[in-house]
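Protein sequence lines, in the order shown, are assigned to chains A and B.
So the first sequence is numbered by the working numbering: it starts at 1 and just counts up by one.
So the second sequence is numbered by the working numbering: it starts at 1001 and just counts up by one.
Because the hints were derived from the structure by calculation, they are not lab data.
Because the structure is a prediction, the values reported are computed rather than measured.
We put the beta carbon where it would ideally sit given N, CA and C, even for glycine.
Warning: the hint list may mix true and false statements.
[To be verified] Straight-line alpha carbon distances no greater than 30 Å define the calculated DSSO-like cross-link-like pairs of lysine-lysine that follow:
1) A/K241 / B/K1136
2) B/K1241 / B/K1500
3) B/K1065 / B/K1560
4) A/K313 / B/K1318
5) A/K313 / B/K1122
6) A/K136 / B/K1004
7) B/K1313 / A/K136
8) A/K122 / B/K1318
9) B/K1378 / A/K318
10) B/K1467 / A/K378
11) A/K241 / A/K549
12) B/K1318 / B/K1231
13) A/K251 / B/K1318
14) B/K1136 / A/K313
15) B/K1313 / B/K1272
16) B/K1467 / B/K1549
17) A/K549 / A/K467
18) A/K251 / A/K241
19) A/K459 / A/K549
20) B/K1251 / A/K318
21) A/K318 / B/K1318
22) B/K1252 / B/K1241
23) A/K136 / B/K1136
24) A/K136 / B/K1378
25) A/K252 / B/K1136
26) B/K1122 / A/K318
[As the list claims (entries may be wrong)] Sample of chain A residues with no beta-carbon within 12 Å of chain B, all distances over it, derived:
27) P164
28) D171
29) E415
30) E528
31) A599
[Said to hold, decoys possible] Partial pick of chain B residues on the chain A-facing surface, computed with a CB cut under 8 Å:
32) V1157
33) R1161
34) V1308
35) G1314
2 protein chains.
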Amino acid sequence: MTKKNYRVTFQPEGREVLVLEGTAIVEAAGQAGITLNTPCGGQGTCGKCRVIVHGDAPAPCVAGKKHLQADEISRGIRLACQMRVDRDMTVSIPAETHFFEQVILTEGRDDLPHHHEPNLIKRFMELARPDENDLKSDVDRVVDLIAETGVEAWMDVPLMRELPVLMRESDFSLTAVIDGDEVVALEAGDTSHSVLGVALDIGSTTIAGVLVDLTTGESMAMAGRTNPQIKYGDDVVGRIKFAGENTDGLKKLQRCVIDAVNEIVVELTGSKGPEPQHIYELTAVGNTTMSHLLLGVPPQSIAQAPYVSVFRKGTDLKAHSLGIEVNHNANLHLLPNVAGFVGSDTVAVAMASRIDQEEGITLAIDIGTNGELIIGNKDRLMVCSCAAGPAFEGARIRQGMSAANGAVNKVVINEGIEVGVIGGGDARGICGSGLLDAVAVLLDTGLIDPTGRILTGSKIPDNVPEKVASAVTELDGRPAVVLAENNENHGGAPVLLTQKDVRELQLAKAAIAAAFTTLTGVFGIKPEKLDLVLLAGGFGNFIRRSSAKRIGLLPNIPSKKIESIGNAALVGARRALTCRCCREQAQLFSDNMEYVELAGRQDFQQYYMEEMTFPDPNESE
Amino acid sequence: MTKKNYRVTFQPEGREVLVLEGTAIVEAAGQAGITLNTPCGGQGTCGKCRVIVHGDAPAPCVAGKKHLQADEISRGIRLACQMRVDRDMTVSIPAETHFFEQVILTEGRDDLPHHHEPNLIKRFMELARPDENDLKSDVDRVVDLIAETGVEAWMDVPLMRELPVLMRESDFSLTAVIDGDEVVALEAGDTSHSVLGVALDIGSTTIAGVLVDLTTGESMAMAGRTNPQIKYGDDVVGRIKFAGENTDGLKKLQRCVIDAVNEIVVELTGSKGPEPQHIYELTAVGNTTMSHLLLGVPPQSIAQAPYVSVFRKGTDLKAHSLGIEVNHNANLHLLPNVAGFVGSDTVAVAMASRIDQEEGITLAIDIGTNGELIIGNKDRLMVCSCAAGPAFEGARIRQGMSAANGAVNKVVINEGIEVGVIGGGDARGICGSGLLDAVAVLLDTGLIDPTGRILTGSKIPDNVPEKVASAVTELDGRPAVVLAENNENHGGAPVLLTQKDVRELQLAKAAIAAAFTTLTGVFGIKPEKLDLVLLAGGFGNFIRRSSAKRIGLLPNIPSKKIESIGNAALVGARRALTCRCCREQAQLFSDNMEYVELAGRQDFQQYYMEEMTFPDPNESE
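The shape of chain A in the complex, shown without the other chains (with noise of 0.2 Å):
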């Protein structure tokens, strides 16, 4: 019996596709190029990933009756992961269920009260007309009526050049736009319903934003883009570099990450949303380099022994300063660094996470281009950073790519290898999870061996599957494995892991893996004791937690100990954006948290080489 064809529509997103029988509605949105979070990688234990299916729904799976309610299944909420397409249908993917959208799955961590308070508010004013007995300033009449909400506001002059005429012409009936105790904008009429916010993760490799609607606290879109700095330079160092040794070098790459943001803004807002001008905050988090990249202030200290930055709080400037295109009074605030390459997206992991509220002792690592990592409880928190280069984000990886259709993201030994495509379809690439996935295997049936080496020939053990010795070919006359043959639609090139792919995955992982040994060290734990690890940034959403602990990314402590936290870096953007206090709670974090300097520590790069090889199973720790 051939399997059929169905059409499943997604909603909001109005988009279709026709998949086979039998599908699951996660890969059905992958599909439609729409990423679900999916924390437990699928396995349907964590109950993430949850959709509406409209109408006449199929009946709710095993792992979907232990998750979700009664009045839940009734109201068609299903696990996308464990759903399986058996006709036509319409889906709703929540906004908590998007893969960007972990922000609100992260919050459900926070058992602390959380404020929606946003910095920014509109307040509609009927204003008193002045009169012989009211002889009020225009300024004075718009603040003494905000003073009685207990806000001492103030405008800057450009805003005064518009007051008395706005005033006149809207009759006297305008709505202010107050950031902080400053009012940035003011408008004629009630727009008090339209209050927009962007928060911003500045990444090294990727860039990603969320459009929220300050009024309520809700996200209404999220985009994403490469990182264009990469063009000159794919890790911090490269770009500082770029920065110091070209003439403009710094204003190049200022100009390039602003361009990015001024894509993804207008990717946000639509081209039937709302006008970017109604956006009237804006918050960013990044590594310390992105940070002065994206104000256009040297970064060269950084780099450099001792490492110092130029800044550390943090900072408000206009948008409109740097040319991020939104409303002309819109403010920017950058969350604060700690010190050296430990930037503000960490500040705001640690406060995503609420690490400082345990008891238990967890580690939370950010994995990106830069490695950073956290430790502590309520009492202690400690920090530092590694540069594990791009290698997890695709780069320097041969056929690498980033975690979009067409990737490999998983990889199996059956007989011989198999793998998982983004999207189904034919594998183009590969991507950090995909790599990490090969190597693990490949270690596992001996075809690698500790020290990274791919072996050939009369090396390879006999315990390896024939069909998986056959994979093994020669590239520029090194060693290769062929992962997935193609067909003739790409050229029939096959997807391979390079020896040198192997190398610098290595080199990652002994990065990340030397500074989680150092910090542990320092703050005087052993990894086994951890209570909790947290996998933050895409890249940790994704990893099969036994192929990192295989080839040694992470210890081996019990996977139920690891969590995926997703982009916490965004989710600690946008709560500076929807909430005021936690500004001030990034500035304690930044204040407080003891920063390790792994660069000059004997012990780090003692670890660093020891963690070059995989762990071998044959050896006892």
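Guided by the hints, dock chain B onto chain A, whose structure is given.
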């Protein structure tokens, strides 16, 4: 015996003039283009016009012996209005004796301790170098050292961009310029000796500026300009109309006042003096319209019932954002307005004259194109404003001119009409005080009747001296009086007082006198019960009190109760420059002074009509 010529050299200007034996030093200074401060009008009664005669000084005059100490006399100090030139001499003019330097004179009235505590300070810092045990960011390194002085400072992004290079190139020795709590500039090495500020009084007709060394609080130079906005309207209502009715009218008005400020800055710093970029702070005062035009804020609402301004409170902005060419980060603090036309200049007069410190009731008048009146004591202060028009400043008068060389500034009747001319030499025109004198003496002789008519032919009373009567002539069919015949050097054109000139003066004096009567009435005091009347403004400094009373500009109160306090508005602006607490004080004045709007008041209209005529000495009051 013919009189000899002597050479007088004035220091520190280095100007030389040749004058006839017997010329008063104040007149010699006038010929050298230096205007001295003579609050008593050169009568030798106030003792303020002190100069230092170097070398072998002539013996002191009677007045000098009365006002000067023995040690002052032995140091060569003399009174410039009484001391006659009888030899070649070199004369130093102390800053306080310069006309513009009445600043310091006025501060003599100030019985309260006066801080020198400028908002802007410089701090030289030798910073610790970063090392592995001191990983502070560059900004933290600077602000933490400043924090030791109790100031929690911050700096804006543009300065952060300069900091890392500057800090390292200057070998970690640099000077921070701190304005309030903002680090506004950073300079390599120790530049803490050079901190300059400028205080500005933006009058409708005249703009004056003083350059102040903020390390000592001392004035370094003074400069003034006619307000070039005058070409768009000679009073504030005309300019408001121009701003509203012409494309870019507001921009043009703003541009030309900024141009004048820039010229003043250039003159203040001079060709060999300090650079304009060493000016780090400015303060400014002006009437409400001037304040709005300076900032480019539409002023229309000030001129339309119910006469409200756009802004009132003290306002800070970057001077360069207006186009003022001083240090790029210099702040401009514009002092607060009160209401309607009563601007920050009046706040500054109140602050400088310290009316609010007295038990007795003082009335202060700032006579300019707009007249502002303040009445009260420590318990209560009231203010009002009236449109005097620019007649007192020489405008709208046929041969009107400012109080510069060649201006008739004094008129007396002996056999005929005799005039005093500023700087000696030929009369070229007439200034405000000359106009007042002329009308006053012609009223006394009976050539002008109480309705303001210049009498002609048979209507001239018999007791008018023949030489005076023969000075009556005709211009365009209306009567005029020849005040000064003129020699052929100036084409033989005499200086005339025309019928229209008298009418202009009547309008101007009627406005001031009606405001005086209305304000005292509202306050509940009879004019003759006032303890003190203060005359502010350049014009108030020059006029003869007897003439002011004769024409009814001032009520008939004893001259000893009338004091000139010079350009008190500039004094107030200067105080706000050298003492930060004065800005708060100014805001309190602005918040608490009771504003009396004259425009709609019946009593003011009534008084204005009544005051249009001159007092008739034959009528008892």
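Okay, the hints, checked on the actual structure:
no.: 1; hint: A/K241 / B/K1136; verdict: holds (22 Å)
no.: 2; hint: B/K1241 / B/K1500; verdict: holds (24 Å)
no.: 3; hint: B/K1065 / B/K1560; verdict: holds (22 Å)
no.: 4; hint: A/K313 / B/K1318; verdict: holds (23 Å)
no.: 5; hint: A/K313 / B/K1122; verdict: holds (23 Å)
no.: 6; hint: A/K136 / B/K1004; verdict: violated (65 Å)
no.: 7; hint: B/K1313 / A/K136; verdict: holds (11 Å)
no.: 8; hint: A/K122 / B/K1318; verdict: holds (27 Å)
no.: 9; hint: B/K1378 / A/K318; verdict: violated (44 Å)
no.: 10; hint: B/K1467 / A/K378; verdict: violated (101 Å)
no.: 11; hint: A/K241 / A/K549; verdict: violated (34 Å)
no.: 12; hint: B/K1318 / B/K1231; verdict: holds (27 Å)
no.: 13; hint: A/K251 / B/K1318; verdict: holds (24 Å)
no.: 14; hint: B/K1136 / A/K313; verdict: holds (11 Å)
no.: 15; hint: B/K1313 / B/K1272; verdict: violated (38 Å)
no.: 16; hint: B/K1467 / B/K1549; verdict: holds (26 Å)
no.: 17; hint: A/K549 / A/K467; verdict: holds (26 Å)
no.: 18; hint: A/K251 / A/K241; verdict: holds (13 Å)
no.: 19; hint: A/K459 / A/K549; verdict: holds (25 Å)
no.: 20; hint: B/K1251 / A/K318; verdict: holds (24 Å)
no.: 21; hint: A/K318 / B/K1318; verdict: holds (15 Å)
no.: 22; hint: B/K1252 / B/K1241; verdict: holds (13 Å)
no.: 23; hint: A/K136 / B/K1136; verdict: violated (48 Å)
no.: 24; hint: A/K136 / B/K1378; verdict: holds (24 Å)
no.: 25; hint: A/K252 / B/K1136; verdict: holds (27 Å)
no.: 26; hint: B/K1122 / A/K318; verdict: holds (27 Å)
no.: 27; hint: P164; verdict: violated (5 Å)
no.: 28; hint: D171; verdict: holds (15 Å)
no.: 29; hint: E415; verdict: holds (55 Å)
no.: 30; hint: E528; verdict: holds (31 Å)
no.: 31; hint: A599; verdict: violated (9 Å)
no.: 32; hint: V1157; verdict: holds (5 Å)
no.: 33; hint: R1161; verdict: holds (5 Å)
no.: 34; hint: V1308; verdict: holds (5 Å)
no.: 35; hint: G1314; verdict: violated (10 Å)
Of the numbered hints listed earlier, those contradicted by the structure are 6, 9, 10, 11, 15, 23, 27, 31, 35.
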